[in-house]
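*Asks:* Sequence:
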Amino acid sequence: MNLNDLHFFVQAVESGGFAAAARRLGIPKSTVSKRVAELEDALGARLIQRTSRSFTLTDVGRDFLDHARAAVLEAEAAENVVRRRQAEPAGVVRITTSVPTAQFRLADRLPLLALAHPKVHVELHATDRFVDLVQEGFDIAVRSHFAPLPASGLVQRRLGVDSTILVASPGYLSSRGRIRRPEDLSEHDGLLTSATATSWRLRGRTGETVTVTPRARMTADESQVLLQAVTAGLGVVCLPETFTRVHEEAGRLVRVLPGWTAGTVTTTILTPHRRGQLPAVRAVIDFLMEGAGDA
Numbered sequence: 159m160n161l162n163d164l165h166f167f168v169q170a171v172e173s174g175g176f177a178a179a180a181r182r183l184g185i186p187k188s189t190v191s192k193r194v195a196e197l198e199d200a201l202g203a204r205l206i207q208r209t210s211r212s213f214t215l216t217d218v219g220r221d222f223l224d225h226a227r228a229a230v231l232e233a234e235a236a237e238n239v240v241r242r243r244q245a246e247p248a249g250v251v252r253i254t255t256s257v258p259t260a261q262f263r264l265a266d267r268l269p270l271l272a273l274a275h276p277k278v279h280v281e282l283h284a285t286d287r288f289v290d291l292v293q294e295g296f297d298i299a300v301r302s303h304f305a306p307l308p309a310s311g312l313v314q315r316r317l318g319v320d321s322t323i324l325v326a327s328p329g330y331l332s333s334r335g336r337i338r339r340p341e342d343l344s345e346h347d348g349l350l351t352s353a354t355a356t357s358w359r360l361r362g363r364t365g366e367t368v369t370v371t372p373r374a375r376m377t378a379d380e381s382q383v384l385l386q387a388v389t390a391g392l393g394v395v396c397l398p399e400t401f402t403r404v405h406e407e408a409g410r411l412v413r414v415l416p417g418w419t420a421g422t423v424t425t426t427i428l429t430p431h432r433r434g435q436l437p438a439v440r441a442v443i444d445f446l447m448e449g450a451g452d453a
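Heads up: the sequence shown begins at 159 in this note's numbering, then just goes up one per residue.
Everything labelled a hint here was simulated from the structure, so no lab data went into it. Small disclaimer: the values here were computed from a predicted structure and weren't measured. There could be a bad hint or two in this list.
[Claimed, not checked] Calculated cross-link-like contacts (lysine to any residue; reagent style SDA-like; alpha-carbon spacing at most 20 Å): (1) K192 with S173; (2) K277 with P306; (3) K277 with A441; (4) K192 with E172; (5) K192 with R182; (6) K187 with L161.
From just these sequences and the hints, can you work out the full model?
*Replies:* Here you go:
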């Protein structure tokens with residue numbers, strides 16, 4: 159029994175006749191009629207009672223139809239599995255990003271990406287120097303920035319926006335007292351990102367701004383060092399919310415002055431136009447964008 163003949167039989171029944179099925183399939187009516195007749199010969203049973211005026215299923219034809227439909231659907235499903243595998247994104251995708259973005263934006267997503275697309279090989283290059291995507295042969299850059307990125311020939315997709323918030327450990331606040339208003343920070347120890355940036359400019363929910371200067375307890379230009387210091391109870395730190403979320407959820411850190419922020423940090427995916435059209439590159443971008451809401 160030819161599986162294609164099952165397909166022609168199902169199409170003829172669902173279309174209500176050979177002529178309608180032929181139009182639906184884009185083939186001659188005689189082809190459909192012949193293939194159904196060959197199916198009946200192979201089975202040794204009449205499936206369709208047809209005359210010049212009628213087209214009806216026989217009793218055995220009605221019983222056979224359900225099984226024929228199921229067989230055709232299974233065959234189509236099997237074919238689709240192969241086609242999806244053949245169309246599966248594959249190849250090397252080179253990504254460049256800063257060290258903090260790699261740690262806090264990509265580290266938990268890349269293993270999931272590898273599981274979702276086993277034929278895609280990601281090469282991640284984490285560096286805090288500026289990288290020219292085109293000249294250095296990268297497919298994707300993931301950049302976090304305070305100001306809008308300058309116009310360029312690169313395609314930009316916004317991955318997320320983080321508020322920069324103040325946090326401290328419960329132990330520090332217990333020993334040093336609750337911080338009720340921004341001005342209180344001048345009496346507290348601050349963990350700073352730069353020796354020259356000793357103040358924080360804060361904005362309230364209603365738009366008011368205030369500049370505060372904590373006592374410099376430690377300075378480090380590496381986010382993990384600052385996170386270790388703040389969880390150890392050394393003071394108050396100002397960092398993007400994505401960086402501190404895991405520690406807050408675990409109770410190791412608490413939000414200080416929840417009605418105030420120190421601006422926002424935007425994370426953007428950039429791609430050279432041509433490379434962004436490659437299936438593997440598109441798959442990586444789509445996967446990262448899907449996870450943006452979870453970040």
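*Asks:* Below or equal to 20 Å on CA atoms is what counts here, so check K192 against S173.
*Replies:* 16 Å, holds
*Asks:* K277 and A441: Cα distance at most 20 Å?
*Replies:* Judged against 20 Å, a Cα distance of about 11 Å means the pair holds.
*Asks:* Holds or violated: are the alpha carbons of K277 and P306 at most 20 Å from each other?
*Replies:* 34 Å, violated
*Asks:* Is K187 close enough to L161, meaning Cα to Cα at most 20 Å?
*Replies:* 19 Å, holds
*Asks:* Please work out if K192 and E172 have their alpha carbons no farther apart than 20 Å.
*Replies:* Satisfied, since the Cα-Cα distance of roughly 17 Å is no more than 20 Å.
*Asks:* Holds or violated: K192 and R182, Cα atoms, limit 20 Å.
*Replies:* 16 Å, holds
Hint compliance for this structure: hint 2 alone is broken.
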